[in-house]
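All chains should be modelled from the sequences, with the hints used to inform the complete structure.
Protein sequence lines correspond, in order, to chains A and B. Per the numbering used here, residue 1 is the first one in the first sequence, and the count goes up by one each step. Per the numbering used here, residue 1 is the first one in the second sequence, and the count goes up by one each step.
A couple of the hints might just be wrong.
To be verified - Subject to a maximum C-alpha distance of 30 Å in a straight line, what follows is the list of computed BS3-like cross-link-like pairs (lysine-lysine):
1) A:K381 x B:K201
2) B:K159 x A:K381
3) A:K698 x A:K519
4) A:K372 x B:K201
5) A:K372 x A:K7
6) A:K381 x B:K3
7) B:K111 x A:K372
8) A:K296 x B:K159
9) A:K372 x A:K494
10) A:K93 x A:K691
11) B:K159 x A:K691
12) A:K381 x B:K5
I should point out that these hints are in silico values taken from the structure, not numbers from a laboratory.
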Amino acid sequence: MRQMALKTFSRDWRAGEVKVLFFALMIAVAAMTAIGVITERIQGSMGEQASEFLGADYVVSSPRAIPQEWQEQASENNLVSSLQQGFSTVLSKGDKFQLVSVRALQGNYPLKGELEIADKPFAVGIKTQEKPEAGTLWAEPRVLNLLSAQVGDRVEFGAVELTIAGVIVSGPGQASEVFNVAPGVVINAADVAAAEVIQPGSRVNYNLLIAGELAERESYIQWLKPQLNATQRITGGKEGTPALQASMQRAESFLRLASLVSVVLAGVAIAVAAGRYSRRHFDYAAIYRCLGMQIKQVHQLYLWQLALIGLIGVVLGVILGLLIQQFIIWQFADYLPKPMVPISPVPVAVAALSGLVVLLGFALPSFFQIAKVPPLRVLRKELIPSAVSGWIIYLLAIGAMALLMWWQSDSWMLVAILLLVSLVAFIIIRIFAWLIFKVGIWLGKRSPTSVRFGLGQLKRYPAFTISQITAFGLAFMIILSTFLIRTELLAEWKNQLPDDAPNHFLINVQNYEVESLDKILNDNQVETSGIYPMVRGRVTELNDKPAADYLSKEEYQRARALRRELNLTWMEQLPNANKLVAGDWWQRNGDETGAIKLSISTEIQEMMKLKLGDKIGFDIGGLTVEGVVANVREIQWDSFQPNFFVIFEPKGLKDFPASYITSFHLKAGQKPVLNNILQQMPTVTIIELDKIMAQVQKILDQVTLAVEFIMLFVLLAGIAVLYAVLQANRDERVLSATLLKTLGAQSPFIRASLVAELALLGSFAGLLAVMTSEILVSTVYINVLELGAKLHPLYWLIVPIAAALFIAAVGWFGVHNLLKQPASQVLRQA
Amino acid sequence: MLKTKNLTKTVSSQDQDLTILSDINLTIAEGDSVAVIGASGSGKSTLLSLLAGLDLPSKGEVELAANQFHQMNEDERAAVRAQYVGFVFQSFHLLPGLTALENVMLPIELKGDKQPRQKALDILTKVGLSERVSHYPNQLSGGEQQRVAIARAFASEPKILFADEPTGNLDSVNGEKIIELLFELNGQFGTTLVLVTHDQKLANRCQRQIGLDAGKLVSDSSNTAIETSKTPPKQVASHDALVEQVG
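Below is the structure:
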């Protein structure tokens, strides 16, 4: 039977019988391979970019010295590692003193990305990945300004003197921490001991930086995780850096979703092609049976066929997919993150296995049906084998698919959403296809004969029509959903970093300086986002108990915000990039007596175990102030706006001496304004975010490009599926058009009826796709991307029209050549 | 060779049972040629499908070469067909994806014979299609397609050949040729022939005519003219022998 199957396969191949199924499988596997591999490579490479932002792939931080074993284990895993200590101390020069945040390097820094060191503030520098020499330091520009120092000057650092060897122009940084740290300096760890700045009880943060190959660092992190205690933590990898976290996660979710939808598309294509294959083989099987072939033999014959199609289709599909992704990476090398991580076997294996599972799952029921064909069909053509109940096979296939999808995406949530929504969509589409099909028939009765005939075609084969609408509808749904999600993400990213986003912050502006600052900015045409007051204070009591007693020991340890001064402010209105999640914002001219209302961030709420109405006591410059939690805000940390953990009602803080904070956008040539400001107000602290934001923008640009690529791919895969479906039903269309021709119908009539049929199919499918897309997209927005649900009314009009045009055009393109064949030839083949 | 006893076929439609054939009793001897005639809907094709084991009777018995069809399942009947039965259909039923040669090889391969290719070539030569063996059905005329179908039917050297309106899709000239060919091969192979037809000329070539009307056997007559002129079947031992004779 194997030999016979091989023979049959080669004959069927030659005759074009297996081609549609074979190509559907091959295109599906190629699309899954290309999308899966590109997604993983881009995702991995985006991780690399994020690492440059962090200065390493991972940073392990601990309040105590890092155990030596951790670093040894890292080198055993072939990872590069470097130790550093972070602490605050005072630098002085003459009579000037400044609190600085020190990074003392034992090894090289950064391990990923570069530090740019210049010889004067705001200049272009030299890039380095090393540490300063012992006895020297590198400082951020404002340190020099505050100490009235220049490069080459000596400053006192505890018990020793260090030489300022350079100014840090740019380097790895974490935007969200910027507001809470004193200006930074980098020194060589060799100088720490002699300086005697670390005493018992000093707060020191020990960091272990890790960089290396993906597999090795992942296995290291797996090894390390169980050994961490509550005060130690790992930053990096999938968690990313705070400033990019949300964007990266959304991009990853999108890419994962895209690779999963390609699997669903493949399923649709293969199911349709397998249905066609088996329909065409009923006659074959009836003749085989009539000539004496046994059911078992027919089964074997077709199972061998299926195995051959599967094997060859999958192998060629994988090869094609790899070639396509390599071509894209080669073609767009300049725009993609570098270096690209190598191809991993996982997406390739997933694509190959998915192809086989989809083929078996969706083709087996059709293939089993072939063997059940009654031999009597040779005499009575209307006999169709009873459909094999494929529920168990379908369920097994869907289960296997779910596992594969999970393997690829690592997210049960996405897999569940996609499968459930597809299932719901499938059911809705089925029901509505039937309804719309009735409406179409009704419509048809009021149309010209040719159109009526075309619509009549749909009516004559209702099961066939419904299955086509289902296949088109699912394919359109997937393309449309991917498109909508992509558009939303891109808008979101654009929104996150508009071109004129503030890229410089001034803090520590004194009350009497506000006026002259305003003047300088005005003279230079720099617009600010407003000038906010700021008071520093420490949380001391929670619900009338000392914070240390109110929380458990472990909770207290974890609540970092309790152990340092917070920037407090008062506002009349809820600031941008903040969203209320509980309680109400206060009235503009609220009650002047009564308890002071507070607005806290969700982080503070969780850290300090607070709810609405709870009391917080603050120590502000030695005075105690108590407020009541009136609402909770969710802060968008990647917004590059001044953000505050705690905001007071205006009456609560306005009597305290405040300093002011403001932010503005400076264009590239406007940097000298900063010197101007510093000359007039030397105590003002300038935070430059432009370099970091450029870095973030670069990453977002690349992520955007990646998303666009994948969108293009999904679109191509979708078109391939639609084409396969149309191909699968081509025979029936050609036959009925030929019959019309033999009955004397002229070309315009045939064309009109064919186009009417296809356009109606397309518009139904388009309408159903919009409905189901809205469900899928809302579910993904809410559950995966954490965006609000949104409807897209315009698409309800556009998509059905576009789908009708598309299906009519592609369908027509597929058959118009065949219509030129002599009628006799077509009829003889039928 | 073929025997039926009280053969009855009913189908249940929406609210009543419809009797298509009732109480057919027949015996067909080896080497006989029998025409089943009758108007459309008289049950001819149903009788053929029951005799060939393509379908099961509702009641009664069918025995082909000592095999009790009515007691056998699909696969057992298929095995009997592979062993003893050949078919020629009105609409030819060639496999469109296979060449003329491959179509003819198929039953030989199914029977498990050696050298299917040579045997198929021989018989295609016999039906006059040696030049067209690698053509596909859609490249052949109707008459040529039916000749391929006849070659396929005889390729497995069946003991009994069933033909369902073999000339029904052909013009009279081609129909004549097909009839000639069918009886010529039938004579050479000594095959029992059962054919269903509207075509009186074709029916007249058979030794025996069975008339059906509304599912009942209404006439059964021997054609004496044929009986006397009939050449005794030559026993053909193998294709090689046949080729020797022909060549």
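Which hints, by number, does the structure contradict? 3, 4, 9 and 11
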